[in-house]
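**Student:** If you read the sequences in order, they're chains A and B. Take 982 as the starting number for the first sequence in our numbering and just add one per residue. Take 163 as the starting number for the second sequence in our numbering and just add one per residue.
Simulated from the structure, these hints should not be mistaken for lab results. Since this is a predicted model, take the numbers as computed values, not measurements. Be careful, since some hints might not be right.
As the list claims (entries may be wrong) - If you anchor each label on the Cβ, the simulated ranges turn out as follows:
no. : chain 1 : residue 1 : chain 2 : residue 2 : range
1   : B       : Gly231    : A       : Trp1281   : 37 to 45 Å
2   : A       : Glu1318   : B       : Ala545    : 51 to 59 Å
3   : B       : Glu406    : A       : Glu1017   : 22 to 30 Å
4   : B       : Pro514    : A       : Ser1280   : 50 to 58 Å
C-beta: ideal position from N, C-alpha, C; glycine also.
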Amino acid sequence: MTPAKPDMGSWESVIGIEVHVELATRSKMFCGCAVEFGAEPNTNVCPVCLGLPGALPVTNAQAIEWIMAIGLALNCQVSERSVFHRKNYFYADLPKNYQISQFDIPVCHDGYLDVTVDDVTTRIGIERAHMEEDTGKSTHLGDSGRIHSAEATLLDFNRSGVPLVEIVTRPDIRSAAESRAYAQELRSVVAELEVSDARLEEGSIRFDANISIRHGGETELGTKVEIKNMNSFRSLERAVTYEIQRQIELVEAGGSIVMETRHWDEEAGVTRSMRVKEGSSDYRYFTEPDLVPMVMDESWVASVRAGLPELPAHRRSRYRDQGLDQELAAVLSSAPEALRDVYDTAVDVDADARSAANWLTGEVIGWLRRTETDPIDVPLDGQQLAELIAIVDEGLVSSSAAKEVLEGVLGGEGAAKEVAEARDLVQISDTDALQSAVDEVLTANPDAVDTYHGGEQKVVGFLVGQVMRATQGKADPKLVNKLLRDKLKD
Amino acid sequence: MNLHELTITEAGARLRSGETTSAELLESTLDRASRTEAQLHAFLNIDRDGASESAAKADADLAEGIDRGPLHGIPLALKDNMCTRGLETTAGSQILAGYVPPYDATVVTRLKEVGAVLLGKTNLDEFAMGSSTENSAYGPSFNPWDIGRVPGGSSGGSAAAVAGGSAFGALGSDTGGSIRQPASLTGIVGMKPTYGTVSRYGLIAFASSLDQIGPLSKNVEDAATILRAIWGHDPLDSTSYSGEYPDVSADLGRDVRGLKVGVVKELAGEGYEPAVEQAVARMVEQLAGEGAEIVELSLPTFDIAMSAYYLIAPAEASANLARFDGIRYGHRVQGATTEALMANTRAEGFGPEVIRRILLGTYALSAGYYDAFYGQAQKVRAAVQEDLASAYESVDVLVSPTSPTVAFSAGERIDDPLAMYLSDICTIPMNLSGDPAISIPIGVDPQSLPIGFQVMAPALGEQVMFRVAAQVEQLAAFTARPVLEEVVQ
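Model the full structure from these sequences, guided by the hints.
**Tutor:** Here you go:
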């Protein structure tokens, strides 16, 4: 269900989104512990990620390479030199009581991502993408599940030190739908790069939205409210919709917006105040003295850039150029890579792009699901698919018989034509061969012939069906139709 | 001569000639400790069992011809801010009372690898913050030359142990002079290596960009021996130096002829005891007599180095010490909320000097003050480095007193932080620059209290620094030993 569009009146919403992406590196950001979701609590820990006295961080070069890839995919500049800072705040699941993060020189800055909503494409500016470490996880025991009134709190440091990329947009987003589109597009980019599990439900991608309102035409930004705890694209869109409406109603009723952090309550469908921010928090950032500056020289950046896969936006536009409509292009673009490869080869050998895309995103995916086959093992190549499309186009098999042919091809019975012949699915397209069947059906159904001559032409459909049955479905229905009509006119 | 009075080189020679055993060397230090600890309180924790085991192993190895080098079988002490697996490590703080690390600091691993016998953990100012070892939560240490006086700090326990004969050598850590100043005040050699050459992994951090582990020893040669064992690249420390290391022993016997020795004008004058200035001047003359070219030069930034240090070090400390919150390890004081538990734990667990520096550092980093304090201090730090770089264009080494005064009386400066901070005025610039420096005893004042002479060199200039230090040692012919009355406990 898409939330109803808010009644904006003369108001305009201004939205910026912060995204945290957990990288799926083998080891953590600053130590050798494994990055693993769902492990027994406190099993992937060591002196470094537990913040034991004397332990020191060592930067994971893979994580730096991956944040560079994310930045380049988001059209960012990669800083030649970047430094880590300590962000100081006390929290029980932050073992050092400071987070190693970045401040004034992030690894990536000044990029953009284009998103499309209802055929309108908007460029969302990316202010920065910086590297930091994740915190541990607190579980509050007690009825409320919140820290207040908890009987006890359990701490799990498995997540402590997992590499986290924070991507911050400029306040360029203007609607809940755009917020969602941005989040989805960003997720598809990250998934394409294979640098994160990119699973919202496991928290490997987390979104926060900063929302303010102003009257259309104003250039000053209003007081912003930060919204947290959106665990799906849908809840992001709902939360932003709700918050915009809340702010408009509040201001129109004579109230004023307070700078605060609000928590999205998915069940109740409302945002609730978590804490009021008095000015900006003072994290007392200073350069992390335990780490030396990172140097991302030109050749390193170039090698990361060269290793980037084709990104979803580029792929979709290529598909559209090949003749797919927007929806089919989007569906194919998010299909498994193995199927997209089959598509590319089929198109290379001049198969009709639309047909190839339809087969792959329909019948082929259905077959993979039914047979529980991993897409990577799909027993179909582009050449085979092109042949299948060709025999349908040539009228050798009907489109319904073609589904059976596909089954045979996927089942390893041979090329499309062989399967059609072996399974006796080739259409009878020979006029002489069909004429006798047509004559027999007309003779056997004088009532229908009378009905036709009485003016009810749709009875032809019934007669076609009779011919198809007589030929065990192998007749070309178009040809049968023509032969019947010719004969009935006589 | 008693075994415990031997240098490492001498003890090693006797071990290899079969005249003595590691077990006997250990026994001599333990016996000495049992007769001096009541006066000195050099140790927080003596690991008799672990040390006996290592000594027995060393004797067995050496008997089989397995020789791990000059520290094999030699009893050494560790400042209690270096993590030792299975052995309590407190950093001199109540907040870490009973804390047993699950891992060894890299320096500890390296000493174990070369067969050193680790005696135990020495006293220090809490988290290495202090210049007298009076800030220890476990009580002060005292100076073997006069037990009414401080041994300096913060590595005062290590200095007292070496000077008092209860360790053949020791490791200390030096953030603003914490190895060199106590070495000076106790008449031994103490050396701070170039920043990044000795791994900080497992050293409980005070100020990460300034901390450096180094040796305290009875003579210059022993310092070089210990340094060779502990330094070298460590992948666990990102700031660890990975290039070529100097050969510290190569020029130990070489004279100073032709070397240019710079005398720092700023490290003299008001606040410097006449006996100290005279002893230093005499040594400079002796070096000149040996053919060194003496250049008096000015490093104006040295006058403001201390102010910068007392912003940078506390700022880093305020973050480094944030982890001591009672949540995961160490001392805990309960509270109604998590925040209250943390606050109660820290208020009770930290001593007054540590709290003072955390507050100072937190303030220096706060929004609105950062530029004026921390930012400005970083500029001064860069200026000190530039000043030194230009000085080293015209000289090979710099020299000065190590401390403006000899050992002061216990309790004399404990209530006057500024007077205490001035104890490190000669040593702090080398922490800001990251360059190496060493203190060598060159004489005593009229009260028979030792005076230290500091030799400073550019980064990775340990070879020339040790060359000059060895000559200073020879010229000083410092043979005085503390007269310490033994008391059997």
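**Student:** Determine for every hint whether it applies to the structure shown.
**Tutor:** Cross-check of the supplied hints:
Restraint check, glycine 231 of chain B to tryptophan 1281 of chain A: a C-beta distance of roughly 40 Å satisfies the suggested window 37 to 45 Å. For glutamate 1318 of chain A paired with alanine 545 of chain B, a C-beta distance near 57 Å keeps the hint of 51 to 59 Å intact. Restraint check, glutamate 406 of chain B to glutamate 1017 of chain A: a C-beta distance of roughly 40 Å breaks the suggested window 22 to 30 Å. Taken as a hint, the range 50 to 58 Å holds for the pair proline 514 of chain B and serine 1280 of chain A, whose Cβ atoms sit roughly 53 Å apart.
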